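Asker: Go ahead and model the full structure; you've got the sequences and the hints to work with.
Mind the numbering: the sequence shown is residues 1328 to 1660 in our numbering, read in order.
One or more of the hints may lead you astray.
Unchecked claim - The list that follows gives simulated cross-link-like pairs (lysine-lysine, DSS-like), each with its CA atoms no further than 27 angstroms apart: (1) Lys1641 x Lys1623; (2) Lys1468 x Lys1484; (3) Lys1495 x Lys1641; (4) Lys1623 x Lys1593; (5) Lys1371 x Lys1644; (6) Lys1495 x Lys1551; (7) Lys1641 x Lys1375; (8) Lys1495 x Lys1375; (9) Lys1660 x Lys1641; (10) Lys1641 x Lys1551; (11) Lys1371 x Lys1660; (12) Lys1593 x Lys1551; (13) Lys1561 x Lys1530; (14) Lys1580 x Lys1603; (15) Lys1603 x Lys1551; (16) Lys1518 x Lys1580; (17) Lys1468 x Lys1593; (18) Lys1495 x Lys1410; (19) Lys1468 x Lys1410; (20) Lys1484 x Lys1495; (21) Lys1580 x Lys1623; (22) Lys1495 x Lys1593; (23) Lys1561 x Lys1580; (24) Lys1413 x Lys1484; (25) Lys1468 x Lys1495.
It should be emphasised that the hints constitute simulated quantities derived from the structure, not laboratory data.
Source: prediction; values computed, not measured.
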Amino acid sequence: MMKTISFLLLTSVMFLLACNSTKKNNKQVQTSALVIILEPEAEKIIDKNATVEVLAEGFTWAEGPVWVDELNAVLFSDVPENKIYKWSLEDSLSVYLEPSGYTGKNKSGSGSNGLMLDASGRLILCQHGDRRIALLNASLKTPASLYVTLAESFDGKKFNSPNDLHIKSNGDIYFTDPPYGLSNDSAREIKFNGVYKVNNIGKVTLLVDSLTRPNGIALSLDEKIVYIANSDSKNVVWYRYQLDSLGEFYEGKVFYDANYLSETEKGMPDGLKVHKSGNIFATGPGGVLIFTPEAKHIATIRTGTRAANCAFDKEQKYLYITATDMLMRVRLK
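Answerer: Written as structure tokens, this is what we have:
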């Protein structure tokens, strides 16, 4: 009887180890996700029969993808794990940076979220745990968890938890600061959820303080308009702001109201990117929604789970999507 029990225990352990070892391996399988074309013009940028590939899975909350041409790979955050992962067709999946966003002694601190390369090809991070915008002070090919603070406070008060960012061609960094990375309200120093700009000498400018849950952010191709996702279940919208000559907001309005979608679809407005066509790929209720600059909803890439963010490769042949515990991609035209 003891031998039988031992054998069963050994078999169970081996099974669990096997499951764990494949938890985050490269996949290349298609999911039940699909592309829904709502307007014919969408077929200029994506095929109605395009399939969504799951490249890797098993993460806690995958976020902030960015394509790095120097590595021929996509980097993305697993926020609760305090890690950045790298995925490439050649090398599959690997841990790229740890810690990625909280460098203190308390291991429970959240990691990085939004990632982007500046004009010099350096990695800029929104760090939840350290509550700052930071620069990776190491080579992309030989990464190390060495960071330089670019911005961490406004009017002497620590940011909530910088979430997502967009870097303008002149080097200005636009970023959102909701409270998602705070472990509790007692740590909060700023009582609103702001959208800010930090320039190349470290000056921080508050652009708007009235949004309930600012999240994803992206500039139009001509850099005259900023799109911002609002991840609030009571106000499921994207905003559109015009920029003045100083790069500050002077006129804002709702870009797209998705409250009706949130009644039946999973997900909130989150990360977004602007395609070379000028169309906006925005994660939100149902997956990745594609909008024209005039706010016409022309297609949805249904992911089957909550989509958090997305990024194009250099040639914009693929859209990479972080969705809950998965990294996905879909071919574009």
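Asker: Each hint should be assessed against the structure and marked as holding or not.
Answerer: Going down the list of hints, with the structure as the test:
1. Lys1641 x Lys1623: 26 angstroms, holds
2. Lys1468 x Lys1484: Status violated; Cα separation ~35 angstroms.
3. Lys1495 x Lys1641: 17 angstroms, holds
4. Lys1623 x Lys1593: 20 angstroms, holds
5. Lys1371 x Lys1644: Measuring from Cα to Cα gives roughly 13 angstroms; hence the hint holds.
6. Lys1495 x Lys1551: Roughly 10 angstroms between the alpha carbons, so the hint for Lys1495 and Lys1551 holds.
7. Lys1641 x Lys1375: 22 angstroms, holds
8. Lys1495 x Lys1375: Violated. Lys1495 to Lys1375 sits at ~32 angstroms, over the 27 angstroms cutoff.
9. Lys1660 x Lys1641: At roughly 13 angstroms apart (the allowed maximum being 27 angstroms), Lys1641 and Lys1660 satisfy the hint.
10. Lys1641 x Lys1551: Given that 27 angstroms is the threshold and the Cα spacing comes to 22 angstroms, the pair holds.
11. Lys1371 x Lys1660: Since the Cα atoms of Lys1371 and Lys1660 sit roughly 7 angstroms apart, the hinted pair holds (cutoff 27 angstroms).
12. Lys1593 x Lys1551: 31 angstroms, violated
13. Lys1561 x Lys1530: 33 angstroms, violated
14. Lys1580 x Lys1603: Holds, at roughly 23 angstroms.
15. Lys1603 x Lys1551: 15 angstroms, holds
16. Lys1518 x Lys1580: 23 angstroms, holds
17. Lys1468 x Lys1593: 37 angstroms, violated
18. Lys1495 x Lys1410: Holds, because 26 angstroms separates the two Cα atoms, which is no more than 27 angstroms.
19. Lys1468 x Lys1410: Judged against 27 angstroms, a Cα distance of about 16 angstroms means the pair holds.
20. Lys1484 x Lys1495: It holds: about 25 angstroms lies between the C-alpha atoms, which stays within 27 angstroms.
21. Lys1580 x Lys1623: 15 angstroms, holds
22. Lys1495 x Lys1593: 31 angstroms, violated
23. Lys1561 x Lys1580: 17 angstroms, holds
24. Lys1413 x Lys1484: This hinted pair is violated, its Cα atoms lying about 33 angstroms apart.
25. Lys1468 x Lys1495: Holds - the C-alpha atoms of Lys1495 and Lys1468 are around 24 angstroms apart, at most 27 angstroms.
When each numbered hint is compared with the structure, violations occur for hints 2, 8, 12, 13, 17, 22 and 24.
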